[in-house]
Amino acid sequence: MSRYAIFLLRRLAQACIIVVGIVCVNFAVVHLAPGDLAEVMAGQGGGGDAGYVALLRERFGLDQPLWVQFQRYALNLLRLDLGYSFKDNMPVATLIADKLAATAILMIASLGTAFLLGIGLGTLAAVRHNSLSDVVISLLALIGYATPLFWLGLLLILLFTVKLGWLPSSGMRTIGVPVSGLAGVLDVARHAVMPVLTLTVFYMAVFIRLMRASVLNVASLDFVRTAYAKGMSRRQAYTNHVVGNALLPMITMLGVNAGGILGGSVVVETVFGWPGLGRLTFDAIFARDVNLLLGILFCSSLLVVITNLVTDLFSAWIDPRIEVSA
Amino acid sequence: MSFTRRNVVAGFAAAGLAGVAMPAVVSRAYAATPKKGGLLRMWIAEPVMLTGAFNSTGQIYEISGKLFDGLARYDFDLNPKPQLALSWDISADGKSITFKLRPGVKWHDGKPFTASDVQFSALKVWKELHPRGRSTYRYLADVEVPDALTAIFKFERPSPYVMNSLASVESQILPRHLYEGTDILTNPANLKPIGTGPFKFKEWQRGQYIIFERNPDYWDAPKPYLDGVVMVIIPDAASRAVALEAGELDVAGAIPVPLADAHRLAGLPTLEIPVQGSEALAFQAFMELNLRRPYFQDVRVRRAMYHAIDRNFVRKSIYFDFAKAATGPISYENAKFYTADVPQYEFSIAKANALLDEAGMKRQGDGLRFKITHDPLPAGDHFSRTGDYFKQQMAQLGIAVDIRNQDFPTYYRRVYKDYDFDTTSTGAFGLTDPTVGIQRFYWSKNIVPGVAFSNGSGYNSAEADKALEDAQTEVDPTKRAGLFRDFQKIVMTDLPLFPIADARYITIKSKTVMNIEVDPLGAHGSFAEAYLAR
Numbered sequence: 007m008s009r010y011a012i013f014l015l016r017r018l019a020q021a022c023i024i025v026v027g028i029v030c031v032n033f034a035v036v037h038l039a040p041g042d043l044a045e046v047m048a049g050q051g052g053g054g055d056a057g058y059v060a061l062l063r064e065r066f067g068l069d070q071p072l073w074v075q076f077q078r079y080a081l082n083l084l085r086l087d088l089g090y091s092f093k094d095n096m097p098v099a100t101l102i103a104d105k106l107a108a109t110a111i112l113m114i115a116s117l118g119t120a121f122l123l124g125i126g127l128g129t130l131a132a133v134r135h136n137s138l139s140d141v142v143i144s145l146l147a148l149i150g151y152a153t154p155l156f157w158l159g160l161l162l163i164l165l166f167t168v169k170l171g172w173l174p175s176s177g178m179r180t181i182g183v184p185v186s187g188l189a190g191v192l193d194v195a196r197h198a199v200m201p202v203l204t205l206t207v208f209y210m211a212v213f214i215r216l217m218r219a220s221v222l223n224v225a226s227l228d229f230v231r232t233a234y235a236k237g238m239s240r241r242q243a244y245t246n247h248v249v250g251n252a253l254l255p256m257i258t259m260l261g262v263n264a265g266g267i268l269g270g271s272v273v274v275e276t277v278f279g280w281p282g283l284g285r286l287t288f289d290a291i292f293a294r295d296v297n298l299l300l301g302i303l304f305c306s307s308l309l310v311v312i313t314n315l316v317t318d319l320f321s322a323w324i325d326p327r328i329e330v331s332a
Numbered sequence: 011m012s013f014t015r016r017n018v019v020a021g022f023a024a025a026g027l028a029g030v031a032m033p034a035v036v037s038r039a040y041a042a043t044p045k046k047g048g049l050l051r052m053w054i055a056e057p058v059m060l061t062g063a064f065n066s067t068g069q070i071y072e073i074s075g076k077l078f079d080g081l082a083r084y085d086f087d088l089n090p091k092p093q094l095a096l097s098w099d100i101s102a103d104g105k106s107i108t109f110k111l112r113p114g115v116k117w118h119d120g121k122p123f124t125a126s127d128v129q130f131s132a133l134k135v136w137k138e139l140h141p142r143g144r145s146t147y148r149y150l151a152d153v154e155v156p157d158a159l160t161a162i163f164k165f166e167r168p169s170p171y172v173m174n175s176l177a178s179v180e181s182q183i184l185p186r187h188l189y190e191g192t193d194i195l196t197n198p199a200n201l202k203p204i205g206t207g208p209f210k211f212k213e214w215q216r217g218q219y220i221i222f223e224r225n226p227d228y229w230d231a232p233k234p235y236l237d238g239v240v241m242v243i244i245p246d247a248a249s250r251a252v253a254l255e256a257g258e259l260d261v262a263g264a265i266p267v268p269l270a271d272a273h274r275l276a277g278l279p280t281l282e283i284p285v286q287g288s289e290a291l292a293f294q295a296f297m298e299l300n301l302r303r304p305y306f307q308d309v310r311v312r313r314a315m316y317h318a319i320d321r322n323f324v325r326k327s328i329y330f331d332f333a334k335a336a337t338g339p340i341s342y343e344n345a346k347f348y349t350a351d352v353p354q355y356e357f358s359i360a361k362a363n364a365l366l367d368e369a370g371m372k373r374q375g376d377g378l379r380f381k382i383t384h385d386p387l388p389a390g391d392h393f394s395r396t397g398d399y400f401k402q403q404m405a406q407l408g409i410a411v412d413i414r415n416q417d418f419p420t421y422y423r424r425v426y427k428d429y430d431f432d433t434t435s436t437g438a439f440g441l442t443d444p445t446v447g448i449q450r451f452y453w454s455k456n457i458v459p460g461v462a463f464s465n466g467s468g469y470n471s472a473e474a475d476k477a478l479e480d481a482q483t484e485v486d487p488t489k490r491a492g493l494f495r496d497f498q499k500i501v502m503t504d505l506p507l508f509p510i511a512d513a514r515y516i517t518i519k520s521k522t523v524m525n526i527e528v529d530p531l532g533a534h535g536s537f538a539e540a541y542l543a544r
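Residue numbers (this note's numbering), protein chains in the order written: chain V, 7 to 332; chain Z, 11 to 544.
What the hints contain is simulated information worked out from the structure, not anything from laboratory work. Please read all numbers here as calculations on a predicted model, not as lab measurements. Misleading hints may appear alongside valid ones.
[To be verified] Computed list of chain Z residues with no C-beta within reach of chain V, every gap over 10 angstroms: (1) N65; (2) P113; (3) L139; (4) A158; (5) T160; (6) E166; (7) N200; (8) T280; (9) K326; (10) S327; (11) T383; (12) P419; (13) R423; (14) K427; (15) S464; (16) T488.
[Unchecked claim] These stretches of chain Z come out as covered by chain V in the derived footprint (C-beta under 8 angstroms, 3 or more residues): (17) 214-222; (18) 240-246; (19) 254-266.
From the three backbone atoms N, C-alpha and C, an ideal C-beta is built for every residue, glycine too.
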């Protein structure tokens with residue numbers, strides 16, 4: 007068996023154990039919060055009587071002892087059934103699938119843009135470090151990182167919707183206008199501009215700072231000095247040797263952030279009314295909708311495990327010095 | 011009183027707030043006839059389903075009346091008017107109500123609406139599954155259906171409040187042919203309802219919008235005038251304010267933005283806040299006191315604390331005049347039962363301090379008498395701001411207040427199950443009948459741990475119980491109103507809860523939206539008469 011295959015098998019076995027652990031921990035943590043879905047639903051409905059709460063609890067299976075509930079949950083999971091959300095009256099899998107596209111658009115677009123801009127601006131700042139452009143870029147990154155997302159989002163809305171009237175303030179599609187094909191894509195894109203921009207500013211800050219530090223670090227290594235000694239120009243040395251090697255920590259960081267994609271961004275989704283998974287999670291927590299919450303947590307943890315694996319493989323592929331057997 | 015054209019169009023004589031000092035009623039040049047067509051865009055918090063027959067969540071209350079008609083609707087005096095029931099006859103002993111139903115009404119799938127739908131909904135849905143219906147229809151023994159258009163409600167005991175609870179949003183009739191023999195709570199029709207109302211369900215994009223389209227076969231032709239209603243889901247209050255300002259929303263009900271923002275938006279040339287249209291909700295903000303605490307057991311302490319709360323300040327500075335200072339447990343909006351003739355507690359810090367001294371609550375060395383906690387309901391910043399004000403006022407009495415913030419489930423547990431609280435800032439709908447809306451907080455038999463919005467204070471008064479219980483079965487409307495007046499006096503003497511503000515459950519709307527505040531449900535109503543003048 008090749009080294010890659012052994013590595014993959016070992017990591018998959020590890021991943022299985024981790025997932026089982028996550029399932030147990032998730033279940034325990036979710037049940038630590040006071041209150042349950044029956045109480046919340048009765049409360050939102052204005053109260054009712056004791057019989058009503060008991061009726062709901064029985065319907066939701068919450069009258070069973072915790073270990074019976076866990077047994078049911080685990081058995082369902084083995085059958086790849088994420089259960090039923092009694093809050094939303096839908097299977098959990100359907101609810102998650104419904105919001106997956108919206109979250110993917112938002113997160114991939116902003117992470118991707120932030121990653122590319124981070125490489126460009128971070129390298130620029132490093133190449134000209136301690137110059138005015140470095141100061142400006144670093145300052146922008148710092149401000150971007152420190153700006154509260156909801157504030158930035160609202161400012162964008164004030165500018166582009168209220169003052170200029172260029173972009174819709176909220177939602178993902180123009181309501182009531184069935185648009186498909188290119189028009190549909192453009193419609194979603196118009197709605198996506200502000201939320202993507204807001205998130206990009208946030209992620210970009212991290213990427214710029216990381217890339218700048220990484221480039222500076224690599225540029226001082228011996229092999230770069232060797233390259234100069236061979237007579238390479240600065241530009242050649244950077245494009246051929248420095249930037250490529252400086253990308254490694256960026257890929258790790260991208261992997262970390264990509265693992266969190268399913269979490270969405272509660273703040274940005276809330277401000278822009280973007281129908282993503284972050285809001286779904288947020289609402290599930292406050293309603294104590296255990297099935298839905300566990301379903302989302304399970305999918306997110308699965309994605310984290312998978313992206314970690316992919317990141318490791320990818321790093322080994324682009325940098326043969328990293329041993330896959332590690 | 012003002013006779014706006016909208017009231018006349020809707021067949022109502024006049025607004026029912028005579029005698030109540032109101033700010034200028036919104037009025038404008040009369041449009042010749044309602045304009046047909048157009049989509050009305052309305053904000054909504056995402057609901058969990060679209061039928062309110064067994065779920066009384068606020069946003070479902072706002073939505074489902076557009077898809078379903080009820081047996082009756084109400085005028086501004088909260089008197090029932092025919093909707094799906096053409097007439098009703100109440101027997102002398104109050105134990106039987108005969109409804110004659112409107113002929114020719116069809117469900118959205120074309121099946122005829124009959125008394126059998128009413129029978130099924132009352133017995134299998136409201137009485138068993140609706141959080142309030144379980145008590146409203148507790149004594150409903152049977153519904154007889156002598157013919158397709160007659161439903162006779164038979165009660166074990168007179169239940170006069172039933173006549174005040176027949177609006178679609180409170181007692182919603184479900185199509186028997188889709189629900190019978192199924193699991194009602196998870197029936198697919200809950201998400202794609204088939205109703206009898208002016209609008210039909212078309213599409214629900216979760217997290218984005220819900221579209222209702224015009225029901226062309228509506229019994230009350232040529233209504234509805236709108237082509238449809240789009241419910242837009244915008245989770246953030248600041249974004250809602252922007253959407254209203256930018257003209258992306260036509261209507262937003264149920265106090266959609268913080269009241270300070272509402273105050274600002276009402277000043278814009280394109281927007282307005284109707285004065286009417288929340289009477290059927292009769293929302294009141296109040297404080298609960300945990301009477302199990304030794305220091306709250308002395309009524310002088312409670313009176314002292316109430317004397318120190320300037321309810322007119324709260325009205326002006328926290329509710330921006332979208333409220334009246336509360337005088338008793340029943341909101342002024344429920345004019346049929348409200349009385350101002352109750353013990354008054356004028357704002358006076360000096361009096362409050364004197365009362366506390368008299369009660370033996372001496373100041374300690376550090377000037378403190380005692381320490382309490384305060385839990386604001388996590389539903390809108392008016393509650394937390396009231397809590398902040400309460401803390402300041404109590405400081406002047408030497409009472410230290412520790413404000414605790416939490417999410418809903420924790421709040422419910424703390425206040426209504428563990429009784430681990432001293433005071434709260436909260437609010438509730440009084441609805442169209444005190445037995446349905448108010449009794450739950452004051453009736454000693456409603457001290458039931460684990461039930462939200464029950465009697466959490468632990469108030470237990472034989473006198474108040476008697477007034478409430480007599481009113482439950484009193485058939486004569488005048489005597490019944492008298493019993494509630496007695497109840498209000500008793501409660502304001504005992505002060506187990508502090509009424510703070512009778513807050514209008516305001517709607518912000520574009521000035522081009524007409525005829526939505528035609529009945530006391532306002533934006534929670536059916537919108538059959540609504541139209542867009544643009």
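For each hint, the structure was consulted:
At roughly 6 angstroms, the least C-beta separation between N65 (chain Z) and chain V is not larger than 10 angstroms, which violates its mark as non-interface. Even its closest Cβ contact with chain V, about 33 angstroms, leaves P113 (chain Z) beyond 10 angstroms, as expected for a residue assigned away from the interface. Against the 10 angstroms criterion, L139 (chain Z) falls within the reach of chain V, whose nearest CB is about 8 angstroms from its own CB. In this structure A158 (chain Z) is separated from chain V by more than 10 angstroms, as the shortest Cβ-Cβ distance comes to about 31 angstroms.
No Cβ of chain V comes within 10 angstroms of the Cβ of T160 (chain Z); the nearest lies about 30 angstroms off, and the non-interface call holds. Interface exclusion of E166 (chain Z) from chain V stands, the closest Cβ pair being 17 angstroms apart, more than 10 angstroms. Distance to chain V contradicts N200 (chain Z) as a non-interface residue, since its nearest Cβ pair spans about 6 angstroms, not more than 10 angstroms. With a cut of 10 angstroms on Cβ distances, T280 (chain Z) stays outside the contact zone with chain V, its closest approach being about 12 angstroms.
At roughly 27 angstroms, the least C-beta separation between K326 (chain Z) and chain V is larger than 10 angstroms, which holds for a residue marked as non-interface. Every CB of chain V lies more than 10 angstroms from the CB of S327 (chain Z), the least distance being 25 angstroms, so the non-interface label holds. Distance check for T383 (chain Z) against chain V: the nearest CB is about 16 angstroms away, which clears 10 angstroms, and the non-interface claim stands. Annotated as non-interface, P419 (chain Z) brings its C-beta within 10 angstroms of a C-beta of chain V; the closest such distance is 3 angstroms.
Not every CB of chain V lies more than 10 angstroms from the CB of R423 (chain Z), the least distance being 5 angstroms, so the non-interface label is violated. Distance check for K427 (chain Z) against chain V: the nearest CB is about 8 angstroms away, which does not clear 10 angstroms, and the non-interface claim fails. With a cut of 10 angstroms on Cβ distances, S464 (chain Z) falls inside the contact zone with chain V, its closest approach being about 6 angstroms. Annotated as non-interface, T488 (chain Z) keeps its C-beta farther than 10 angstroms from every C-beta of chain V; the closest such distance is 28 angstroms.
As drawn, the stretch 214-222 of chain Z meets chain V at 6 residues by the rule of a beta-carbon pair under 8 angstroms; at three or more, the given contact holds. Residues of the stretch 240-246 of chain Z lying with their CB closer than 8 angstroms to a CB of chain V number 6, which satisfies the three-residue condition for coverage. Note: the stretch 254-266 of chain Z has 3 residues with beta-carbon separation from chain V under 8 angstroms; the three-residue rule is met and the coverage holds.
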